[in-house]
Amino acid sequence: MTRRHALTALERGLGLRTELTIRRARPVDAPALAQVQVDSWRETYAKLIPAPYLEGLSYTAHERQWRRTLERGGSAFLAVWGKQIVGLASGGACRSFSGFSGELHVLYVLRQFQRCGIGRALLDAIHYELARSGHGDMLIWVLAENPARGFYEKLGGRLVGEATCVVGGAHLHEVAYAWNG
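If you count the sequence shown from 1, position 73 lands on 73 in the UniProt record's numbering, and the numbers rise without skipping.
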């Protein structure tokens with residue numbers, strides 16, 4: 001049985017997460033956060049973003065970025081399954097959309113650990129943290145072709161915006177989902 005299916009129907013019904021811990025990320029977690037981020041991009045965006053860009057993603061560069069972010073007090077949570085970091089979420093002030101104060105900057109869960117409630121737990125942790133710091137609402141930008149759109153819609157995110165971004169030379173359509181306090 002894979003870990004993806006390790007939670008039984010009974011455990012899911014009772015809301016138990018046998019081996020799952022959600023905790024605040026620390027600078028020492030930077031290597032694992034970088035690995036989850038890079039691996040998630042390669043898994044999720046293989047058909048959306050040019051392969052040379054994805055192949056060029058650097059664990060070392062992302063590790064430096066996470067370490068800097070966390071040393072400067074950035075807000076991030078991670079999901080630990082057993083002893084393995086399998087997901088992460090980061091948020092803060094809204095960077096790019098007027099009318100919203102909080103933003104879920106990133107949310108990544110390794111594919112084999114998806115559909116176990118980890119993404120929801122991470123989203124809830126960031127949403128709570130944003131509310132606690134005075135951000136009553138939350139926004140996230142996702143690629144329009146991202147299969148996770150259904151996840152955000154299921155959790156009550158409402159479509160509030162569209163934009164185009166350029167990643168690896170490809171022009172990609174993005175959509176924004178939002179939640180109110």
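Treat the hints as calculated values from the structure; they're not laboratory data. You may find that some hints are simply not true.
Stated by the list, open to error - FRET-style restraints, in silico, Cβ to Cβ:
no., residue 1, residue 2, range
1, Arg72, Glu145, 28 to 34 Å
2, Ala51, Ser101, 32 to 38 Å
3, Ser58, Gly150, 29 to 35 Å
Virtual Cβ for every residue (Gly too), placed ideally from N, Cα, C.
For each hint, the structure was consulted:
Taken as a hint, the range 28 to 34 Å holds for the pair arginine 72 and glutamate 145, whose Cβ atoms sit roughly 32 Å apart. For the pair alanine 51 and serine 101, the supplied restraint of 32 to 38 Å holds, since their beta-carbon distance comes to about 37 Å. For the hinted restraint 29 to 35 Å between serine 58 and glycine 150, the CB-CB distance of approximately 30 Å keeps it satisfied.
Checked against the numbered hints given earlier, this structure breaks none of them.
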